[in-house]
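There are 2 protein chains.
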Amino acid sequence: MNQKKERSITVIFEPEGRKVRTVIGASVFNVAGNVGVDIRSECGGKGICGKCRVIIQDMKAVNKVTGAEMNHLSPSEIDSGYRLACRTVLKENITIMIPQESRIGERKIQVTGLERLVPVSPFVAKFYLALAKPTLDDARSDQERILDFLKDKYGLKQLEIKSGIVKNMPTIIRQADWAITVTVWNSQKIIAIEQSDTSKKILGLAIDIGTSKIVGCVVDLKNGTTIGVGSIENPQIIHGEDIISRITFARNSEEKLETLQTLAFKGINDVINEACAQADVDSQNIYEATIVGNTAMHHLFLGVQPKFLALSPFIPSISKSIDLSASEVNLKIHPMANVHVLPIIAGFVGADAVANVLSTGIYESNKVFLLLDIGTNTEIVLGNSEDLVSCSCASGPAFEGVHIKHGMKAVTGAIERVHIHPDLDYNVEFETIGNVKPHGLCGSAMVDVVAELAKHGIINQRGRYDLKVNTPRLKNVDNNVEFILVWKNESATGKEITVTQKDINEIQLAKAAIYTGCWILMKEKHLKSEDIDQVLLAGAFGSYINPESARMIGLVPEVPTEKINFVGNTALSGAKMTLISQEARNIAEKLSNKIRYLELTRDPDFNSEFAKAMFIPHKDSNRFPLARKDFRRFGKDVQI
Amino acid sequence: MNQKKERSITVIFEPEGRKVRTVIGASVFNVAGNVGVDIRSECGGKGICGKCRVIIQDMKAVNKVTGAEMNHLSPSEIDSGYRLACRTVLKENITIMIPQESRIGERKIQVTGLERLVPVSPFVAKFYLALAKPTLDDARSDQERILDFLKDKYGLKQLEIKSGIVKNMPTIIRQADWAITVTVWNSQKIIAIEQSDTSKKILGLAIDIGTSKIVGCVVDLKNGTTIGVGSIENPQIIHGEDIISRITFARNSEEKLETLQTLAFKGINDVINEACAQADVDSQNIYEATIVGNTAMHHLFLGVQPKFLALSPFIPSISKSIDLSASEVNLKIHPMANVHVLPIIAGFVGADAVANVLSTGIYESNKVFLLLDIGTNTEIVLGNSEDLVSCSCASGPAFEGVHIKHGMKAVTGAIERVHIHPDLDYNVEFETIGNVKPHGLCGSAMVDVVAELAKHGIINQRGRYDLKVNTPRLKNVDNNVEFILVWKNESATGKEITVTQKDINEIQLAKAAIYTGCWILMKEKHLKSEDIDQVLLAGAFGSYINPESARMIGLVPEVPTEKINFVGNTALSGAKMTLISQEARNIAEKLSNKIRYLELTRDPDFNSEFAKAMFIPHKDSNRFPLARKDFRRFGKDVQI
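Read top to bottom, the protein sequences are chains A and B. Count the first sequence with the numbering used here and you get residues 32 to 671, in order. Count the second sequence with the numbering used here and you get residues 32 to 671, in order.
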């Protein structure tokens, strides 16, 4: 027995956070296949195709790199921990990151969001210069020749030439036979000099660095059109799923902090590649980038030690916007491109929230908006043109399928909608992304499941399974109760897909955190649910949620469904606005000062409110009259 | 015979440019010792002391690095070509650089120059901040806390924080328990944040990158006092003694251009070390540096391809001043220190000339000044507050002792003054630096020698030795005539120190170039010698020259001796002025536009004027009435 125990190890697959037990000597590829964690392969695990790339953090926990892997992976990839899953043999407990490129399913990521039209006035502009060739009579320096031309023809004065481009300047100009295109940033600095007329090639980049995902878009700055989008798992995830674990990772080591920063750069560069490939453009024609992200992602991107964000009084270091050169942050765009990092609001309300407010326009409306960007951290903003107040809730990654037994991301094979028919023997109707047999269920399905289970009394108001319900779908093994959502024969893995008591509890924790945040903001502004004109759900998850189910479980203060709007990835939309509009960038700077921040845990009612919000939909059913009516309709009145 | 010829190789010792023949298998140390090239040694060439460090460019021309060398040299030094002279065996023709650290003699470099008093108003300022600690009620970001303090207490608004310092900011502030000192550049940017009160430690650096020498000074910015100076051979010299050969070296290769740039950085860093050691200060407390140099040195420092400077129409690439971070140019001062590179005037009139004009103040005088900075390239400026015109002459390195048979730098053991007594059998009276037995003669002695030889008719007006003069000092071996300046028994080497016909010719070429430059500028401004109120001789060489001798050989247009002033290294003085005075920096920028540039070779009279100036003092003796009188006094009237 003991011997057997010693030979058993734990493997955690990221980004799902899927924890499995296996034996020493198993290959990563086989372990993943056995539990339905999808890893791409064309050769079926023979070390031939090189598609099953995974990232290993602790090299001591696996075998040495094999010859097959050396054929498929570059030395720098091997240094970064890349391995082929089929050639990697497990020796110890380990965490394994499966990068998006190694996924079977197409990701269903909401990259773009609601966009408001703004006049296109980017900070970068290109000018074509047909310069007079120098002679002994006109021996002006290259610099003077260029500056004189820009002044005479375009009225640009006092331009500075970025030191990074002076080295190649004389050669480029002469190779171009004095016909060049210069890129000017903010009517202040020459950031690029190119041969011949390239004035039509002028691109920008907007990036949203999320804790889970990095998304971005490439924009044609001539007209403000998005021409390519890209998205990727945030590769930092291997060092922690949530903000706190990443901060913990980087806390005491310059080197680890740099590791996370480098991973952010790598992720962004992958997004740039994808977006540029989609648009068939050269990333070297990107002359400006705008970056948003929550405060921890913002600090990690800048390489700023983030540990003080996690220590009371939760102080960010840099809060105002900052401009860098692309070369300073290793972004694979024009090296002298300006990288504008948007301002943040507080330790846990970042530049993404500023971008959300900007792109939804709630700062200039008279109506009262409740804006939620649901993610591992959920940022909430409440208010209108008069006043805006914000907070942050640690909602956790449950809505992303993490820590849910059969949870998965919203990719092909994920159940995304669930409907339970109590009159048909609790038959479960479900919709799967890609219309294939299901592998598991994603966040929006979990919200549906909890709502349906509650509606039909299969769980009670506290979220506990009611074993008195007469259905073969309720399975009780050693007091671990599960609801069988998908029978073995219906699933892609040949195994049941179930929802455990713990799964439901994870969703309760998440929704309680979010609701409590909303409630404390409303208390601050003396507002009630009926005072809210619009609830805006931003972010990838917010786009796929069923508003009826959300209302049923008490995720947000109860408003009529028609007042709930999905706005998509407004963080990226806001970043794009600041990319194409000088005015929008100025507004973003002002918003970062205008939006007040509330530290939720300072509210004396926080703990009691959180406990009440753990109920489904809430301990105080008066706050959810519509949900109560729904429950009534299905014969299950809420008990206080 | 043939075999013997094959075994003979040529060795060139830099920076002297001393060319010697030797045999394959000889050690560098012995070859240098045999010809009087001084190399330091304490062990006498046994590989023990490690002092005889030299730099070898072509490793294939010598033996492999020995164990003794590995003990004394770091791997990076070995990579850079450092070897021990006593362990290095010659195999092929080779150029060997002897760095200053390996010299026996103390260099006699004029580091500082005439300084004009300016009100001290540097661009950098330090502020001590005793910040209030953050609380949940005052959760401003570190950045806001600092900016608010600077605004409230010091009235500084809209400050930017340099991206290079944000990384460590939160940690530094907390380690300092919120008592910090910030350094602000130009009331615009925070460039440093330090723990506790360091406001008294605020230093600046001024550097003059000469073709032969890099000199610099460290300045206390509280009061503008120079507290340490440093000087070194420009380490680029191994890749060419003069500007043109360095440009040729860098012409077709990014890598070679980078090599020269890196050597400039290394040289400057050595100067920084020396100056800081002298002042006993930490170079990390240097927050700003100002850099001057001729245009080629300026371009090489910036890494800008300089080849177009050498091609008609001789166009510089960057001419206006440029500000960089110290980290961009690898200077070992505070990494975010601002490095201000002064503007240049033209392809061969650089930032050093701007600094000369600034520090001598000739731009604001009514008098007419002729300012010469004599070096491998001599820059000349003529004029006053109304108008200034400049040119550049390729005077070559003869005045630095280079290409002179027994020439040497102005170090211990160099003859610096010579007087010949025709009535005492042409007895030679000489003064040696350090009052030791002479090794050779430096530039100022060469000017004396030529003047004395001419005065006493030992050479004629064309500079040819007159063998009819009856003295044992005139030696004619196979028609190679030499004048024996020092007898064997008087010299340190035990060998005669002589002046060859070729040596005299080198001096004639140099002085003709300089005189022609002066004359063409005077023609441009319709001025005659008598219109010149002051001749200012700048630069190291200019400080030691005997004005009587200079007049005698026709180095500069003839003015009474009292009108000749030595102003020292005014290039460095000017750089220092722009370091300590904002006003001076503004003036420098204006001067670079105001000073006109004349391309000498475009003047139709250039060639004929040059030919006439080869005479001693000049073919047209009417231009040198005083010198003519001197010659008369010694009974040798000048023949036209």
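Check before you lean on any hint, since a few could be wrong.
Given that identical chains are not distinguished, each listed pair holds provided it fits within a single copy or across any two copies.
To be verified - As a list, the in silico BS3-like pairs of lysine-lysine whose alpha-carbon atoms are at most 27 Å apart:
{"hint": "1", "residue 1": "Lys519", "residue 2": "Lys220"}
{"hint": "2", "residue 1": "Lys533", "residue 2": "Lys193"}
{"hint": "3", "residue 1": "Lys533", "residue 2": "Lys231"}
{"hint": "4", "residue 1": "Lys287", "residue 2": "Lys554"}
{"hint": "5", "residue 1": "Lys95", "residue 2": "Lys50"}
{"hint": "6", "residue 1": "Lys193", "residue 2": "Lys351"}
{"hint": "7", "residue 1": "Lys184", "residue 2": "Lys198"}
{"hint": "8", "residue 1": "Lys338", "residue 2": "Lys554"}
{"hint": "9", "residue 1": "Lys625", "residue 2": "Lys193"}
{"hint": "10", "residue 1": "Lys164", "residue 2": "Lys621"}
{"hint": "11", "residue 1": "Lys436", "residue 2": "Lys499"}
{"hint": "12", "residue 1": "Lys621", "residue 2": "Lys506"}
{"hint": "13", "residue 1": "Lys660", "residue 2": "Lys554"}
{"hint": "14", "residue 1": "Lys338", "residue 2": "Lys468"}
{"hint": "15", "residue 1": "Lys232", "residue 2": "Lys164"}
{"hint": "16", "residue 1": "Lys232", "residue 2": "Lys253"}
{"hint": "17", "residue 1": "Lys188", "residue 2": "Lys556"}
{"hint": "18", "residue 1": "Lys198", "residue 2": "Lys338"}
{"hint": "19", "residue 1": "Lys351", "residue 2": "Lys182"}
{"hint": "20", "residue 1": "Lys193", "residue 2": "Lys338"}
{"hint": "21", "residue 1": "Lys621", "residue 2": "Lys220"}
Hints listed in this document are in silico derivations from the structure and should not be mistaken for laboratory results. For clarity, every value in this text was computed on a predicted model and none was experimentally measured.
Do the hints match the structure? See the list:
no.: 1; hint: Lys519 - Lys220; result: neither (64 Å within a copy, 65 Å between copies)
no.: 2; hint: Lys533 - Lys193; result: neither (57 Å within a copy, 48 Å between copies)
no.: 3; hint: Lys533 - Lys231; result: neither (56 Å within a copy, 62 Å between copies)
no.: 4; hint: Lys287 - Lys554; result: neither (41 Å within a copy, 69 Å between copies)
no.: 5; hint: Lys95 - Lys50; result: within (23 Å within a copy, 58 Å between copies)
no.: 6; hint: Lys193 - Lys351; result: both (23 Å within a copy, 12 Å between copies)
no.: 7; hint: Lys184 - Lys198; result: within (25 Å within a copy, 41 Å between copies)
no.: 8; hint: Lys338 - Lys554; result: neither (30 Å within a copy, 71 Å between copies)
no.: 9; hint: Lys625 - Lys193; result: between (33 Å within a copy, 24 Å between copies)
no.: 10; hint: Lys164 - Lys621; result: between (46 Å within a copy, 25 Å between copies)
no.: 11; hint: Lys436 - Lys499; result: within (23 Å within a copy, 112 Å between copies)
no.: 12; hint: Lys621 - Lys506; result: neither (55 Å within a copy, 87 Å between copies)
no.: 13; hint: Lys660 - Lys554; result: within (25 Å within a copy, 104 Å between copies)
no.: 14; hint: Lys338 - Lys468; result: neither (44 Å within a copy, 68 Å between copies)
no.: 15; hint: Lys232 - Lys164; result: within (25 Å within a copy, 49 Å between copies)
no.: 16; hint: Lys232 - Lys253; result: within (8 Å within a copy, 50 Å between copies)
no.: 17; hint: Lys188 - Lys556; result: neither (49 Å within a copy, 33 Å between copies)
no.: 18; hint: Lys198 - Lys338; result: between (39 Å within a copy, 12 Å between copies)
no.: 19; hint: Lys351 - Lys182; result: between (32 Å within a copy, 15 Å between copies)
no.: 20; hint: Lys193 - Lys338; result: between (34 Å within a copy, 21 Å between copies)
no.: 21; hint: Lys621 - Lys220; result: both (24 Å within a copy, 21 Å between copies)
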